[in-house]
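*Asks:* Here are the chains, one letter per residue:
2 protein chains.
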Amino acid sequence: MNKEKVRVIPLGGLGEIGKNITAIEYGDEIIVVDCGISFPDEEMYGVDLVIPDINYLIDKKENIKGLFLTHGHEDHIGATPYILQQLNMPVYGTKLTLGLVENKLREHNMLSDCVLVPVDAGEDVILDKIRVEFIRVTHSIADSCALAIHTPLGIILHTGDFKIDYTPIDGLVMDLNRIGELGEEGVLLLLADSTNVERSGHSISEKTIGETLLRIFSNAKGRVIVATFASNIHRMQQIVNASLKYNRKISFSGRSMENISKVAMDLGYLHIPEESILDIDDTSKYSDENITIITTGSQGEPMAGLSRIAYGSHRKITINSNDLFIISASPIPGNDKMISKVINQLFRKGVDVIYEDLEEVHVSGHAYQEELKLVHTLAKPKYFMPVHGEYRHLKHHSDLAIRLGMYQKDVFTLETGQVLEVSNEGVDTSKRVRTGGIYVDGIGVGDVGNIVLRDRRYLAKDGMVTIVIAIDRETYSIVAGPDIITRGFVYAREAEELINDIKEISREEVEACLNNNVVEWHILKTSVKKSVEQLLYDRTKRRPIIFPIIMDV
Amino acid sequence: MNKEKVRVIPLGGLGEIGKNITAIEYGDEIIVVDCGISFPDEEMYGVDLVIPDINYLIDKKENIKGLFLTHGHEDHIGATPYILQQLNMPVYGTKLTLGLVENKLREHNMLSDCVLVPVDAGEDVILDKIRVEFIRVTHSIADSCALAIHTPLGIILHTGDFKIDYTPIDGLVMDLNRIGELGEEGVLLLLADSTNVERSGHSISEKTIGETLLRIFSNAKGRVIVATFASNIHRMQQIVNASLKYNRKISFSGRSMENISKVAMDLGYLHIPEESILDIDDTSKYSDENITIITTGSQGEPMAGLSRIAYGSHRKITINSNDLFIISASPIPGNDKMISKVINQLFRKGVDVIYEDLEEVHVSGHAYQEELKLVHTLAKPKYFMPVHGEYRHLKHHSDLAIRLGMYQKDVFTLETGQVLEVSNEGVDTSKRVRTGGIYVDGIGVGDVGNIVLRDRRYLAKDGMVTIVIAIDRETYSIVAGPDIITRGFVYAREAEELINDIKEISREEVEACLNNNVVEWHILKTSVKKSVEQLLYDRTKRRPIIFPIIMDV
Numbered sequence: 001m002n003k004e005k006v007r008v009i010p011l012g013g014l015g016e017i018g019k020n021i022t023a024i025e026y027g028d029e030i031i032v033v034d035c036g037i038s039f040p041d042e043e044m045y046g047v048d049l050v051i052p053d054i055n056y057l058i059d060k061k062e063n064i065k066g067l068f069l070t071h072g073h074e075d076h077i078g079a080t081p082y083i084l085q086q087l088n089m090p091v092y093g094t095k096l097t098l099g100l101v102e103n104k105l106r107e108h109n110m111l112s113d114c115v116l117v118p119v120d121a122g123e124d125v126i127l128d129k130i131r132v133e134f135i136r137v138t139h140s141i142a143d144s145c146a147l148a149i150h151t152p153l154g155i156i157l158h159t160g161d162f163k164i165d166y167t168p169i170d171g172l173v174m175d176l177n178r179i180g181e182l183g184e185e186g187v188l189l190l191l192a193d194s195t196n197v198e199r200s201g202h203s204i205s206e207k208t209i210g211e212t213l214l215r216i217f218s219n220a221k222g223r224v225i226v227a228t229f230a231s232n233i234h235r236m237q238q239i240v241n242a243s244l245k246y247n248r249k250i251s252f253s254g255r256s257m258e259n260i261s262k263v264a265m266d267l268g269y270l271h272i273p274e275e276s277i278l279d280i281d282d283t284s285k286y287s288d289e290n291i292t293i294i295t296t297g298s299q300g301e302p303m304a305g306l307s308r309i310a311y312g313s314h315r316k317i318t319i320n321s322n323d324l325f326i327i328s329a330s331p332i333p334g335n336d337k338m339i340s341k342v343i344n345q346l347f348r349k350g351v352d353v354i355y356e357d358l359e360e361v362h363v364s365g366h367a368y369q370e371e372l373k374l375v376h377t378l379a380k381p382k383y384f385m386p387v388h389g390e391y392r393h394l395k396h397h398s399d400l401a402i403r404l405g406m407y408q409k410d411v412f413t414l415e416t417g418q419v420l421e422v423s424n425e426g427v428d429t430s431k432r433v434r435t436g437g438i439y440v441d442g443i444g445v446g447d448v449g450n451i452v453l454r455d456r457r458y459l460a461k462d463g464m465v466t467i468v469i470a471i472d473r474e475t476y477s478i479v480a481g482p483d484i485i486t487r488g489f490v491y492a493r494e495a496e497e498l499i500n501d502i503k504e505i506s507r508e509e510v511e512a513c514l515n516n517n518v519v520e521w522h523i524l525k526t527s528v529k530k531s532v533e534q535l536l537y538d539r540t541k542r543r544p545i546i547f548p549i550i551m552d553v
Numbered sequence: 001m002n003k004e005k006v007r008v009i010p011l012g013g014l015g016e017i018g019k020n021i022t023a024i025e026y027g028d029e030i031i032v033v034d035c036g037i038s039f040p041d042e043e044m045y046g047v048d049l050v051i052p053d054i055n056y057l058i059d060k061k062e063n064i065k066g067l068f069l070t071h072g073h074e075d076h077i078g079a080t081p082y083i084l085q086q087l088n089m090p091v092y093g094t095k096l097t098l099g100l101v102e103n104k105l106r107e108h109n110m111l112s113d114c115v116l117v118p119v120d121a122g123e124d125v126i127l128d129k130i131r132v133e134f135i136r137v138t139h140s141i142a143d144s145c146a147l148a149i150h151t152p153l154g155i156i157l158h159t160g161d162f163k164i165d166y167t168p169i170d171g172l173v174m175d176l177n178r179i180g181e182l183g184e185e186g187v188l189l190l191l192a193d194s195t196n197v198e199r200s201g202h203s204i205s206e207k208t209i210g211e212t213l214l215r216i217f218s219n220a221k222g223r224v225i226v227a228t229f230a231s232n233i234h235r236m237q238q239i240v241n242a243s244l245k246y247n248r249k250i251s252f253s254g255r256s257m258e259n260i261s262k263v264a265m266d267l268g269y270l271h272i273p274e275e276s277i278l279d280i281d282d283t284s285k286y287s288d289e290n291i292t293i294i295t296t297g298s299q300g301e302p303m304a305g306l307s308r309i310a311y312g313s314h315r316k317i318t319i320n321s322n323d324l325f326i327i328s329a330s331p332i333p334g335n336d337k338m339i340s341k342v343i344n345q346l347f348r349k350g351v352d353v354i355y356e357d358l359e360e361v362h363v364s365g366h367a368y369q370e371e372l373k374l375v376h377t378l379a380k381p382k383y384f385m386p387v388h389g390e391y392r393h394l395k396h397h398s399d400l401a402i403r404l405g406m407y408q409k410d411v412f413t414l415e416t417g418q419v420l421e422v423s424n425e426g427v428d429t430s431k432r433v434r435t436g437g438i439y440v441d442g443i444g445v446g447d448v449g450n451i452v453l454r455d456r457r458y459l460a461k462d463g464m465v466t467i468v469i470a471i472d473r474e475t476y477s478i479v480a481g482p483d484i485i486t487r488g489f490v491y492a493r494e495a496e497e498l499i500n501d502i503k504e505i506s507r508e509e510v511e512a513c514l515n516n517n518v519v520e521w522h523i524l525k526t527s528v529k530k531s532v533e534q535l536l537y538d539r540t541k542r543r544p545i546i547f548p549i550i551m552d553v
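Protein chains in written order, with the UniProt record's numbering: chain X, 1 to 553; chain Z, 1 to 553.
Watch out, some of these pointers could steer you wrong.
Identical copies look the same in the list; a pair holds intra-copy or inter-copy alike.
What the hints assert, rightly or not - Cross-link-like lysine to aspartate or glutamate pairs, in silico, DMTMM-like; alpha carbons within 20 Å at most:
(1) K337 x E42
(2) K530 x E123
(3) K541 x D170
(4) K285 x E504
(5) K104 x E497
(6) K373 x D59
(7) K337 x D279
(8) K380 x E359
(9) K341 x E198
(10) K104 x E421
(11) K373 x E520
(12) K525 x D483
(13) K262 x D399
(14) K207 x E301
Keep in mind the hints are simulated off the structure, nothing from the lab.
Every value quoted in this text rests on a predicted model; they were computed, and no experiment measured them.
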């Protein structure tokens with residue numbers, strides 16, 4: 001009778017989109033699955049990205065055997081440099097995944113300190129009591145894997161991100177047979193991708209995009225400029241194939257596009273005849289109908305390639321009236337307005353733009369309901385825990401498992417920070433660990449917290465008003481000021497009367513204090529702050545942040 | 001030979017969503033069609049709403065004959081109080097539209113100063129040389145009309161917002177016959193709604209929602225709580241009908257829901273037996289399965305009903321585990337993340353939630369491609385100008401007209417501020433008028449401009465650092481400070497070293513100036529600002545706003 005326990009600890013990615021990272025423990029052996037970032041939501045002003053809080057792992061440093069990466073998307077590998085800085089460990093993944101990680105580590109000047117261990121789909125990594133098997137899946141990035149984590153208590157099958165594409169671009173189909181075999185052996189716990197659980201039916205094969213692209217390319221008169229996700233190498237390959245068919249050379253634009261296409265070509269995931277690759281500076285040497293440009297900016301990001309081209313601020317690419325633009329991507333929730341702005345701007349410039357609302361130029365990389373049902377049915381898990389998704393997705397994925405015949409008591413809808421502990425006696429979900437998001441802003445990691453963000457929100461909403469007064473405590477008198485500085489509140493030149501009233505009320509408040517021999521800073525400040533706040537709310541119904549500064553000279 | 005001209009001047013709503021307002025002029029007679037607001041985009045921090053700039057109209061005050069409203073949606077009537085304050089004129093519209101305007105004018109305490117003239121669909125308003133005919137259309141609010149503006153030069157047909165619903169809830173179908181007659185008479189210019197031009201096929205009838213609702217209600221065990229747009233009275237009626245069928249009483253929650261349902265009932269657009277209306281305070285007197293609550297907040301707005309219920313901050317409604325929530329609305333672009341947050345929170349509370357991704361609980365109120373083709377074909381206009389939409393929509397609507405056989409030279413894709421001038425000699429689109437958005441923030445109208453917004457954006461991104469130094473110009477010395485106040489930049493307690501470095505570098509800069517007998521404010525300020533900016537960028541890669549304050553004591 002095995003008395004050990006398996007603990008699954010989602011440190012990110014459950015009840016949220018992105019920042020996927022899960023610790024899996026057997027006894028005193030710990031592996032970490034994925035290590036992603038998430039993008040700041042609209043309330044996190046100024047934050048560049050969010051990484052997981054891994055204090056839980058740091059406390060158990062000596063037990064950690066390695067980081068196992070399922071695939072090379074940012075929400076699964078993006079935090080690797082930040083996390084390895086705090087906690088170095090060997091990193092296991094397929095060649096392409098590690099190629100992308102290598103790029104990141106190089107940018108952070110830490111490549112030489114890290115150990116990257118390439119693993120092929122179908123191979124095992126044998127640790128002490130745990131064995132980790134990489135199983136090929138299909139997804140919107142090549143070389144994606146599920147992980148079967150073999151423990152003495154049973155097998156934990158973690159799907160990673162996946163869809164079931166029966167006609168993948170590289171011909172490498174998902175290893176459903178192996179999942180079937182594992183199901184026969186007995187899967188203790190299934191952790192499966194929930195992103196598209198609300199979509200009925202079956203996702204569409206990446207290959208259909210190729211057909212659409214061929215049709216679009218066949219009618220293009222000038223350059224074709226395609227914006228897509230830099231990591232979608234299969235999409236890139238299909239754009240390349242359509243270009244070659246119509247005698248176009250291919251040029252890559254945008255830092256991530258150039259980096260990732262290079263890694264993918266070097267490692268043999270993207271195939272382009274050398275003579276068909278064109279430096280962006282050389283495109284003017286060819287006629288327009290022989291050029292395809294693949295660029296970043298498919299989410300409408302203001303600083304990325306597509307936006308810069310649209311607004312005429314790209315250093316190398318100027319719009320021609322016969323250009324055809326294709327946006328081969330879906331808006332990530334929250335980005336639709338940004339993308340729409342860029343589309344509008346392109347149409348204003350008189351060029352044609354093709355996007356998802358008009359043509360099938362994008363498909364999702366995540367399994368729909370029927371695909372999820374297949375994997376559940378093959379794996380026949382004893383327990384199930386949905387991963388990767390907001391709570392609504394996790395909830396619906398649990399419902400799906402129950403509709404497939406699982407008992408409610410064997411299905412666990414948990415969120416980031418909740419521990420799933422499996423033993424021979426059953427499952428315990430009562431424990432929690434400390435988790436959360438660490439904000440990266442500029443080169444600062446973690447120095448912007450909730451208080452700073454709260455202040456940024458207040459400042460954003462109604463701006464600020466600073467009141468400076470110099471007093472002499474000996475004589476109980478104001479010696480300079482009040483001076484008023486305001487930003488983001490009203491346009492001061494047009495609000496002279498209001499500014500004067502702020503001065504007057506501040507002076508009155510301070511004088512009233514001084515006349516009563518009150519010189520304590522906090523009292524002076526508080527009385528100025530309160531009166532000015534009230535004045536401004538009455539007059540404008542706004543609440544700028546008030547900073548009273550009392551100087552003692 | 002008529003030498004007069006017809007001028008169509010879009011002051012809002014073309015190349016943008018919302019803020020619909022168009023001036024139509026014949027000779028020295030001007031009418032205004034609609035007068036809407038738009039909602040601030042994500043960059044307009046703190047702005048509550050945006051109204052059109054009507055300076056062009058104010059300059060021609062004496063020629064203006066009236067404001068003609070097509071229907072009662074905010075993007076068509078929302079700015080009425082603000083505009084009438086600047087420029088009083090009679091307001092024409094159908095009963096429901098005017099009922100909603102009345103509410104607004106009452107809130108602004110200006111009802112007694114305004115003239116509201118009810119017009120029924122099918123009726124004409126005869127001005128001097130212009131005659132305005134109201135023509136019934138179907139849309140997501142009752143009592144919507146198109147306008148046929150009869151001028152001596154010809155008929156201008158403005159569709160307003162519309163869809164073609166052959167089975168509307170109130171039985172009042174769109175007057176396609178009249179549009180056909182006008183087409184026979186000869187339409188000089190068609191202005192038509194472009195919102196859904198990118199959608200192929202035909203929109204779905206509002207009536208289908210009723211069937212879905214009946215099925216959902218038939219299975220509900222506890223209260224049914226439906227969030228929808230307050231203005232969608234047909235939707236309200238269908239929710240009421242399903243409730244009555246299953247012996248539920250109806251309670252309205254949320255200010256706009258209570259207001260609009262009252263107006264709609266008073267005017268006979270919404271029919272509920274009196275004994276079936278329940279005050280929200282009385283819901284506890286009935287069992288859950290006999291209660292329906294219709295609430296605001298279908299866009300996930302944090303302060304509206306649905307969010308408050310989900311997060312437990314509603315004063316009157318507490319979640320029961322057997323509640324069924326229905327979100328009978330689509331996310332307006334940009335709102336999807338907010339709605340998703342509320343859905344997640346409701347699921348966390350253990351209740352069921354039905355929304356558009358799962359069931360057909362919402363249909364659009366705007367015409368799809370086949371409906372637009374019908375109206376174009378009936379109206380057979382000489383000229384066409386698409387209205388209501390971003391540039392991409394206008395562009396596609398122009399393309400649609402050309403595919404239907406119009407000449408490119410007779411189709412005009414213009415944006416807000418561009419004038420379409422039609423005479424017997426042809427069309428001129430070369431003129432422009434001043435237009436734009438005026439920001440409403442709190443009770444301020446127009447006192448927040450682009451400079452204030454730019455400052456809010458900077459403050460939001462990286463916060464601010466204020467440096468206060470008091471100097472004595474006589475002795476060329478610092479007498480107090482530097483003191484540092486920072487908000488939204490770093491958490492000051494954890495950045496003591498950085499704060500000290502700011503102090504030191506500021507002191508050095510000021511002392512260097514003073515030692516050279518330089519006391520000019522702007523030089524002192526600029527040198528402090530520059531050095532601190534550089535220091536902070538080098539150390540954090542952030543650019544907070546720096547406010548150096550030099551006090552002279």
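*Asks:* Confirm or reject each hint.
*Replies:* So, going through the hints one by one against the coordinates:
no., hint, result
1, K337 x E42, "both (13 Å within a copy, 9 Å between copies)"
2, K530 x E123, "neither (67 Å within a copy, 57 Å between copies)"
3, K541 x D170, "neither (61 Å within a copy, 41 Å between copies)"
4, K285 x E504, "neither (69 Å within a copy, 56 Å between copies)"
5, K104 x E497, "neither (55 Å within a copy, 30 Å between copies)"
6, K373 x D59, "neither (38 Å within a copy, 67 Å between copies)"
7, K337 x D279, "neither (32 Å within a copy, 39 Å between copies)"
8, K380 x E359, "neither (38 Å within a copy, 29 Å between copies)"
9, K341 x E198, "between (28 Å within a copy, 16 Å between copies)"
10, K104 x E421, "neither (34 Å within a copy, 58 Å between copies)"
11, K373 x E520, "neither (69 Å within a copy, 75 Å between copies)"
12, K525 x D483, "both (14 Å within a copy, 15 Å between copies)"
13, K262 x D399, "neither (43 Å within a copy, 40 Å between copies)"
14, K207 x E301, "neither (27 Å within a copy, 40 Å between copies)"
Consistency note: the structure conflicts with the earlier hints numbered 2, 3, 4, 5, 6, 7, 8, 10, 11, 13, 14.
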